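Under the numbering used here, the first residue of the sequence shown carries the number 1, and numbering increases by one thereafter.
Please keep in mind that the hints were generated in silico from the structure rather than gathered at the bench. Quantities reported herein were computed from a predicted structural model and do not represent experimental measurements. There's no promise every hint is true.
Said to hold, decoys possible - Label-pair distances were calculated between CB atoms; the ranges are: (1) Arg204 to Gly277: 43 to 53 Å; (2) Glu142 to Arg274: 45 to 55 Å; (3) Thr389 to Gln353: 13 to 23 Å; (4) Thr323 to Asp395: 18 to 28 Å; (5) Gly232 to Asp9: 42 to 52 Å; (6) Asp9 to Gly29: 32 to 42 Å; (7) Gly298 to Glu278: 26 to 36 Å.
Every residue, glycine too, gets a C-beta built ideally from N, C-alpha and C.
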Amino acid sequence: MINPAPPADDTVVVIRGRGRVSALGLELGPDYPVSPFTAHPTGVSVAALPAEAEAALTELRHAHPAYRQLDRTVLLALLAARLAVARVKLPVVSGQLPVRSVAGLAERPDYWALVTNNRQPTTNNQLAISIGSSRGATGRLEEFHAGFLREGRVPAAASPLTTLGNVASWVAFDAGQQGAAALSHSSTCSSAFQALGNAVAWLRAGMADRFLAGGTEAPLTDFTLAQMRAIGIYSPYAAADWPCRPGAGRPSTFVLGEGAAVFALERGSRAALRAAGEPAFLLEGVGFGFEAIGSKTGLSPEGSHFQQAMREALRQARAAPETIDAVVLHSPGTPAGDAAERAALRAVFGEHQPLLLSNKWLLGHTLGASAALSLDFALHVLATQHWPTPPFATDVNGPATHPLRRILVNAAGFGGNAASVVIGLE
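With the sequences and hints as input, model every part of the structure.
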């Protein structure tokens, strides 16, 4: 049974600002001649934060006494959320908010008033938060458990600091949120798009005026890296040799990374955007897919869950497959996963295959943050019409034959979950 298309109305979900932190730092550049990967003490390659981003995270950790106890995953979300709002460009702001020195931004009285549905400050602060993470407070959980094994007890803060809910609740605290909801959840590596799905549904239903939604992950711990190596998918290549190679075939080149991306969203109208005469990024559709297979780490050769997710995202966007100019792939560099996603693309797009793009060769696989960082990359591509070329043989990031106006972004995770998002340039 084919679900009917959503009703055609004037309501749109606008991406007003975005913030990210990853192995590429706080900004995205045009080209990357040197591998951003480094060697972890355990001996494998990882995509860790560079010095500038690490300094910003340290500054944030000391911006509030309570923040010194937070897990790295939570701090990454706070940093990305602050950057997302700092980059919102609205008439109520005099001049540009600084991107650097982000620790002081939350102290500004107009900080969270920037993201308003009608471009005016409001006392009806219906700001909702939705943050996805595959693992949550990984580092702190491992620290508390090690302390328990060593001493036989844990501090009282152990439980509240390691629940998944503490990710979104601390973002809400930092935002000075009044009303609406703060949602944390996990659907493995598609978690960030679950957050975007929440945002779209709530905004369209009028349950919130504004949203901060995205994903975050800090999984570069010895135990998490050991889990990934146990699956047998980790890249054998050294950090300097571009160890994550999506679309390059064998061997498997999965590499773990850390980071976060958060988006400032609002409900608007297409007519108002056109009247304003300014370009805008629209979150046009969010689709989900699931396939019940025997292996919780695998997927079907035909990528059934990818097919479901892409078709649903296209349906919500009221977009024909041939209107998609490019796809930012999930493609983590595992031969089976890469092949299944491409099989799904052939099933959905037929002979009208879009350009294939990827950022994992620069960021690694950031688990619950990966979908959000892929979306951020897609927005960067729409804004600049430029993307870097990998220094190895692959089917991703080739040249385009025409300007890109609409991009589909894929994500998938353990357990048979997949999600897709369609974004467009209005």
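Hint check results:
Checked against the hint of 43 to 53 Å, the C-beta distance between arginine 204 and glycine 277 comes to roughly 24 Å, which is inconsistent with it. Between glutamate 142 and arginine 274 the C-beta distance comes to about 51 Å, which sits within the given range of 45 to 55 Å. Threonine 389 and glutamine 353 have their C-beta atoms about 19 Å apart, which keeps the hinted 13 to 23 Å range intact. A hinted range of 18 to 28 Å holds for the C-beta pair threonine 323 and aspartate 395, which are about 22 Å apart.
The hint said 42 to 52 Å for the Cβ distance between glycine 232 and aspartate 9, and at roughly 49 Å that hint holds. One distance hint, 32 to 42 Å for the beta-carbon pair aspartate 9 and glycine 29, holds here, with the actual separation near 39 Å. About 45 Å separates the C-beta atoms of glycine 298 and glutamate 278, a value inconsistent with the hinted range of 26 to 36 Å.
The earlier numbered hints that this structure contradicts are 1, 7.
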